[in-house]
Amino acid sequence: MYKVKVDNVSKIYDINRNRIQKVLSLISFGWLYKAKPFYALRDINFEVHAGDSVGILGLNGSGKTTLSDLIAEATVPSKGNIHINGRTSLIAISAGLNNELTGEENIRIKCLMHGLSEKDINDRYDDILKFSELGDFIKQPIKSYSSGMRSRLGFAIAIHTDPDILIVDEALSVGDETFANKCIDRMRDFQAQGKTIFFVSHATGQIRQFCNKAVWVQYGEMKQFGDMQDVVKSYAEFVGQYKNLTRDEQIEYKDKMVAEQMAKSQRLVLPKEKINMLSVAVGSGLFLLMVLGILIQVFTVFN
Amino acid sequence: MKNVFALLKENFENLPLIWKLSLYNLKASYANHYLGLLWTILMPAAQVGVFYVVFGLGLRGDRGDVQNVPFLVYLITGIFAFGFISGCVNATSNAISSQINLVTKMKFPSSILLSMSVMNNVISFIIMTLIVLVISLVNGYSEPSHYLVWFYFMFATIAFSYSIGLIMSSVNILIRDFKNVQANVMRMFFFVTPIFWEPEGRPPLMSIIMAFNPFAYLLMTFRNALIFDGPAFYGTAADHIYFWSITLFLFFVGVQVHYRYKDRLVDYL
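Residue numbers (our numbering), protein chains in the order written: chain V, 1 to 303; chain P, 304 to 572.
Please note that a few of the clues may not be correct.
Mimicking DSS-like on lysine-lysine, the simulated pairs with C-alpha atoms at most 30 Å apart in a straight line are [as the list claims (entries may be wrong)]:
1. Lys323(P) <-> Lys143(V)
2. Lys233(V) <-> Lys243(V)
3. Lys565(P) <-> Lys305(P)
4. Lys5(V) <-> Lys305(P)
One-sided excerpt, in silico: chain P residues whose CB lies under 7 Å from chain V [to be verified]:
5. Tyr327
6. Ala331
7. Tyr333
8. Ala334
9. Phe411
10. Ile544
11. Phe552
Please keep in mind that the hints were generated in silico from the structure rather than gathered at the bench. What you are looking at is a predicted structure, and each value in this text was computed from that prediction instead of being measured. Where is the CB? At the ideal position from N, CA and C, for every residue including glycine.
I would like the entire structure built from these sequences, with the hints used as guidance.
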């Protein structure tokens, strides 16, 4: 039984969206408007089982964060489906914390939003505080925190919300090494409990440390998925070659790849949205009702 | 159609969560104040004080009674109720854009954000209502059984502002300009709604505008319930039909717009 199944998933952004077209698309529900689509991700397919730890590898701008947002259900795919069995929790550097509130209040508010009960929160509060190493600073508003403190708090909250699937988006690069090691220890506990972890990074070091599988995304496409050793090996080979290029050649290569990505996106035909006839019928009915209501009011007022 | 039920179910199931999160929001807005939550009572009380000094002590001359209540009471109920109605409309319209950083990195139903902003306004409005209730009880303005219409007023206001909020919370993100348009429209409504002027003895145009102004309908419903000694409900049958047919249509359109854009709003930011 799979834990996460990414089934032919594409994420398309519209890069040709000027204001008039936005309005047109809004009022015509996508019928009077031609999009200029850009594939951020294209036909990604893989299946992950419970207990797997998957590294997501790739250069900058290859779609790693888009993929992790999709797995965390923070955005939805434009095409294809993602099936997820269980609750997800995403840890990113820009974790969604409220700057005005204190650390303690943020812990409580975030846990509530993740669906924990008050009792659960009280039980876990001390653990979270201890893990975040914030001590007395927990009573201070978040806006006075350093970026390291913030990411520590974000990490501490996220791993205490009982996720079945944990997604770590380069969040460890902010904290110092002792904290990073503590997080890795904690993630090993997760592994031992048979939970699923996604670990996003452009460097192979931490992925080598504890992932058993890896995905390599390259300019929106899945280059390789499989055993961590194999993927990391071919990724490292690629990076080695890439680094050997001169700086101009590197830029040239990137431009070429992005242009290719663009060209492929142009051939794409976006499916037109289906119009739900029931909704149209109910909508028109209610519209007529409103017109009737206005007419009745007009007659009463002017008589 | 199934979106309508999904939205109602989503909000109903998360009611305890909405309540707790609103309390936190309220706390956050007064977090750096020494008096803290006391301000939720002090703010409306201070408002009453200011209006008492300006209008109650006769600084602007005696304005006479409106129906059975002094002008001061008429004005206070108008300011409180309109503040609540427009507060709900503005808060729901900006609910998603102002709180998006809390939810971009997680799965969270965004219609809950709208309910939270309504709940914030409800909490502070309950305190204002209590102030008006005390004034009304002490002076014996309205019949106690009429106070129950307050619940109808709350339901109507929430339904109306939530419907507008569903549409505008998406539109405000897609097209930022609408924020400014909306602010000015609300300002206009402040003047065409009978807050500080009484409907009697106005030019006929004013009463025609009033008949087509849903804010006036809500405002007068509040006054009929709490301070006027007339009928419990305000308005003719046509007024009720007019208000609810518009609200129902706006709600339906709002649900469609909301469900079409809720998962993609992050892409537009």
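At a threshold of 7 Å, is the proposed contact between Phe411(P) and chain V supported by beta-carbon distances? This hint holds: Phe411(P) lies near chain V, its Cβ roughly 6 Å from the closest one there, short of 7 Å.
For the pair supplied as a hint, Lys323(P) and Lys143(V), confirm whether the alpha-carbon distance does not exceed 30 Å. holds (22 Å)
Does the nearest C-beta of chain V fall within a distance shorter than 7 Å of the C-beta of Phe552(P)? holds (4 Å)
For Lys565(P) and Lys305(P), compute the direct alpha-carbon distance and say whether it is at most 30 Å. holds (16 Å)
Hinted pair, alpha-carbon criterion (30 Å max): Lys5(V), Lys305(P). Please report holds or violated. Holds. Lys5(V) to Lys305(P) sits at ~27 Å (cutoff 30 Å).
When the least beta-carbon distance from Ile544(P) to chain V is tested against 7 Å, hint result: holds (5 Å)
With 7 Å as the cut and Cβ atoms as the points, is Tyr327(P) at the interface with chain V? With a minimum Cβ separation of about 5 Å from chain V (threshold 7 Å), the hint on Tyr327(P) holds.
Would the stated hint for Ala334(P) survive a check requiring a Cβ distance to chain V of less than 7 Å? OK, holds: Ala334(P) within 7 Å of chain V, min 5 Å.
Tell me if Ala331(P) is really an interface residue toward chain V, meaning its C-beta lies closer than 7 Å to one of theirs. holds (5 Å)
Classify the hint on Tyr333(P) as holds or violated, based on whether any CB of chain V lies nearer than 7 Å to its CB. violated (10 Å)
Lys233(V) paired with Lys243(V) [C-alpha distance capped at 30 Å]: Since the Cα atoms of Lys233(V) and Lys243(V) sit roughly 15 Å apart, the hinted pair holds (cutoff 30 Å).
Of the numbered hints stated above, the single one contradicted by the structure is hint 7.
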